[in-house]
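**Q** The primary structure of each chain is shown beneath.
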Amino acid sequence: VETFLNYTQLAVLLYFVVVNLTYTCFIFISVKYIMQYGFTGSNYHIKSVLSDVFYRPLSIIVPAFNEESTILASVRSLLNLHYPEFEVIVVDDGSRDGTMARLMEGFRLAETRKPIRLQLQHQKIRAVYSSPDYPNLLVISKENGGKADAINTGINASAYPLFCCLDADSVLENDAVLRAARLFVEDRHVVATGGIIRLMNGCSVENGVVQEIRAPKMAIECFQAVEYIRGFLAGRTAWNFFGSLLIISGAFGIFRKDVVMAIGGYRHTVGEDMDLVVRIHRHCRENGIPYKILFIPDPVCFTQAPNDLKSLRKQRNRWQRGLVDSLWHSRRMLGNPAYGTVGLLAFPYFLLVEALGPLVEFCGYASFLVCIVLGALDHDFAVLFFFVAILWGMWLNVASILLDNILFRRHKGVDDILKLCLFSFLEMLGYRQLMTFERFLATFQVRKKGWGKIKRSEIRVETFPSSS
Amino acid sequence: MPALITLIHDRLLHWLSWLVYTQIVLLALLFFFLLLHKVHVERQARCREGLKKQIFQEICRHLICAEGELKRPACTDEYAVFAECCIDLMLSITGDEAGKVRDLLRNYGVAAHYCRMATSTNWLHRFQAVERLGLFALEELSDFFQDAIRRERVTAVRMRMIWGLSRIAGSESFVALTDLLASEPPISGKFNESVFGNMIDALTRKGEADRLKKLVDEALRREDMPLPLRKDLVEACGSARFASGLDSIIATFHRHRSVPEMRIVCIRAAGRLAGAKPGSDAAGTLPPSLLTDLLLPGLADPDWRVRSAAARSAPACGRQAIPPLVKLLYDEVYFVRINAGNALADLGPEGLSALKAEAASTDRFVRDTVQYVLGEAVSGGG
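As they're listed, the protein sequences go chains G and L.
Residue numbers 229 to 696, in the working numbering, belong to the letters of the first sequence in order.
Residue numbers 116 to 497, in the working numbering, belong to the letters of the second sequence in order.
Misleading hints may appear alongside valid ones.
Lysine-lysine pairs mimicking PhoX-like chemistry, simulated, CA-CA at most 25 Å apart [what the hints assert, rightly or not]:
hint: 1; chain 1: L; residue 1: K168; chain 2: L; residue 2: K186
hint: 2; chain 1: L; residue 1: K471; chain 2: L; residue 2: K442
hint: 3; chain 1: G; residue 1: K275; chain 2: L; residue 2: K215
hint: 4; chain 1: L; residue 1: K215; chain 2: L; residue 2: K186
hint: 5; chain 1: G; residue 1: K275; chain 2: L; residue 2: K186
hint: 6; chain 1: G; residue 1: K275; chain 2: L; residue 2: K168
hint: 7; chain 1: G; residue 1: K342; chain 2: G; residue 2: K445
hint: 8; chain 1: L; residue 1: K471; chain 2: G; residue 2: K342
hint: 9; chain 1: G; residue 1: K445; chain 2: G; residue 2: K352
hint: 10; chain 1: G; residue 1: K676; chain 2: G; residue 2: K542
hint: 11; chain 1: G; residue 1: K538; chain 2: G; residue 2: K676
hint: 12; chain 1: L; residue 1: K442; chain 2: G; residue 2: K342
hint: 13; chain 1: L; residue 1: K215; chain 2: L; residue 2: K168
hint: 14; chain 1: G; residue 1: K260; chain 2: G; residue 2: K520
hint: 15; chain 1: G; residue 1: K640; chain 2: L; residue 2: K442
hint: 16; chain 1: G; residue 1: K445; chain 2: G; residue 2: K640
hint: 17; chain 1: G; residue 1: K520; chain 2: G; residue 2: K275
hint: 18; chain 1: G; residue 1: K275; chain 2: L; residue 2: K321
hint: 19; chain 1: L; residue 1: K186; chain 2: L; residue 2: K167
hint: 20; chain 1: G; residue 1: K352; chain 2: G; residue 2: K342
hint: 21; chain 1: G; residue 1: K640; chain 2: L; residue 2: K168
hint: 22; chain 1: G; residue 1: K260; chain 2: G; residue 2: K640
hint: 23; chain 1: G; residue 1: K445; chain 2: G; residue 2: K647
hint: 24; chain 1: G; residue 1: K485; chain 2: G; residue 2: K275
Okay, the calculated beta carbon distance ranges per label pair [stated by the list, open to error]:
hint: 25; chain 1: L; residue 1: F147; chain 2: G; residue 2: N564; range: 43 to 53 Å
hint: 26; chain 1: L; residue 1: A143; chain 2: G; residue 2: D643; range: 11 to 21 Å
hint: 27; chain 1: L; residue 1: R320; chain 2: G; residue 2: I353; range: 41 to 51 Å
Hints are computed from structural coordinates only; laboratory data are not their basis.
From the three backbone atoms N, C-alpha and C, an ideal C-beta is built for every residue, glycine too.
Can you make the complete structure from the sequences, with help from the hints?
**A** Encoded structure:
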């Protein structure tokens, strides 16, 4: 038993070293990419490329289910976007709260007879509304069918060749769409782009526009802020480099409508965002279509992170189930050279590190505890492993925060940076283990289909509080 | 065997302790670098903001009151700020005033600085320099751009150069740039369209519309011109409202009438150029072939995308388009039906009457379309 446990710990150590080395490489790759992006993506350049008539018009689809606390601020921020031609389509997915009432009142909605074509399947539409004040706003009320179903409805109702999918609790920076859509104008092979998601918690929001960006106040939010910075700037930027980006966040992504139509729209699953991107890869590779799916580190979408542990656990549980489900659905891509770097690099990484990572990590903790109980713990090894894990994790977090500050300078104050650094140190001491445990449980609950509604704070007209 | 295991164990511990020390040192270094960098960039940003305010005021005083001697930029930061101030000004003014700002860029060595920077070995610096030079839109840089494009190997920089040259294009540059776009690997239709659009604007501004008409016609007739690029040029003529290009567009339509994509862009561009407004009877002033060859036959095209584009452009045909548009209300494709409905609404009282006549149609899809379009027309949202 003792030998088995020792081998288990050694295997966990090896796994840990490989994963952290990969992440360290990602950081270096991301530095180069972000520097290049910063030099070539000036405001003048974007304005000149997308000026006059040389842009592609875009439909913004906002699926909403019980979002009465955030929907008004979110839609107002969208209507203030800087983009030459766009429409906002809010799809109320059978909300049971006052979402529709707020929309009706806030935008003086009136029922319209606009016919919606039925190209993608979805639940029955109850009514379609338009606003006399905002001609580019369309609100659809439909029977509940889930997020994927709501987005499919929005795609059917959309008029433009590009669509942007956005969460109802999110707020975009004014020029976010302009920056994300620029790539579609510059490169004919781009089929999807996604921007960075940052936390709204702690920021001040006025009339649906984020005015001042500050680090969140609560510890649980700060941990997530660090995770988001690391995940987006180091992880997704590096996958860009390999041309194998497998996730565009459901909170903010822009897609070419014809490609999404070709794969039958969104699939009904809890991880519909990753699933869509994986299926686009599959479709394009199988049909020999040249394509690019890109992450852009600059266009920012602010979203509310859960500020209570219960909501956070629900969210992580859903993410893990969505990840496993998407990988399983497209399992034929795994290790398949026909799918290029997606099949040979990204898929194995997502399977071994993202999907199975919690299992390996959990085994490591479990074997550690068993060793203590059996009195078989190699103290020197355990202490050193512990310190290596903590320090390497901290290094990766601090390097990600540095990446964020090389060009973007979102947090203006040094105190915010110090706060994020502090929580990047503390992340390894409890928070990570808790999330690992939740993901470990979620891996065995893949068949569960529920979303688990997350508690949201109201986005008030003046200030968005850090905690409710 | 036990000795070997002990050896491996010891090595592992040794390696792990080395890793711990290295991590501590790296983490400390990274942390201090992060803090120093943060303090430095924030200070630099504040200084730059102040400098920009100061230079902007000096430039404005110099331009408006012709008072105060402008200080010549002395370092990279000052050049960058000077250039930014001038670009901001040029984006908000036109004509002679913009010409005065361009003189400042020439006389104070800013253009020369960026021309030097455009020869840097670092492609990112070259990219930035070329972008600034493109925004300056100085006529005399035409040769510089043409030389630089020939030398440049990095695609992103080449594309910026092509864009920069298109903003100041003369008739020679038009031919050179068309050659370049034809030989480059395809970037994107919208990029090509914007380059052609810039050239059309530049040549029209210079009063060379007649020459431009010939150039467009020649380009569209060239054997070696790839079809997608030809499509982009037609699209650009429509977007840039280059009315003199209408004949060339009609000729292109005839030459490529077997390609649906070409039929679509020609109809779309012609529709834009015809510029029919709701209720106007623009048909009387348009070349007859535009109606008889492009727009009206387009309404009965076998390809639904062509019918849809033709329906959008149909208001240019005036009342002649009403019967075929009513027929299109019964089309099997949603886009065609909705575009036909909107076009009828745009045709004024006669179009609206035709729509009302179909409001009680037995076809549910026709009824839905008509009721929606009439509702929008009444509320003014159509």
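**Q** Checking each numbered hint in turn, tell me which of them this model violates, lowest number first.
**A** 5, 7, 9 and 15
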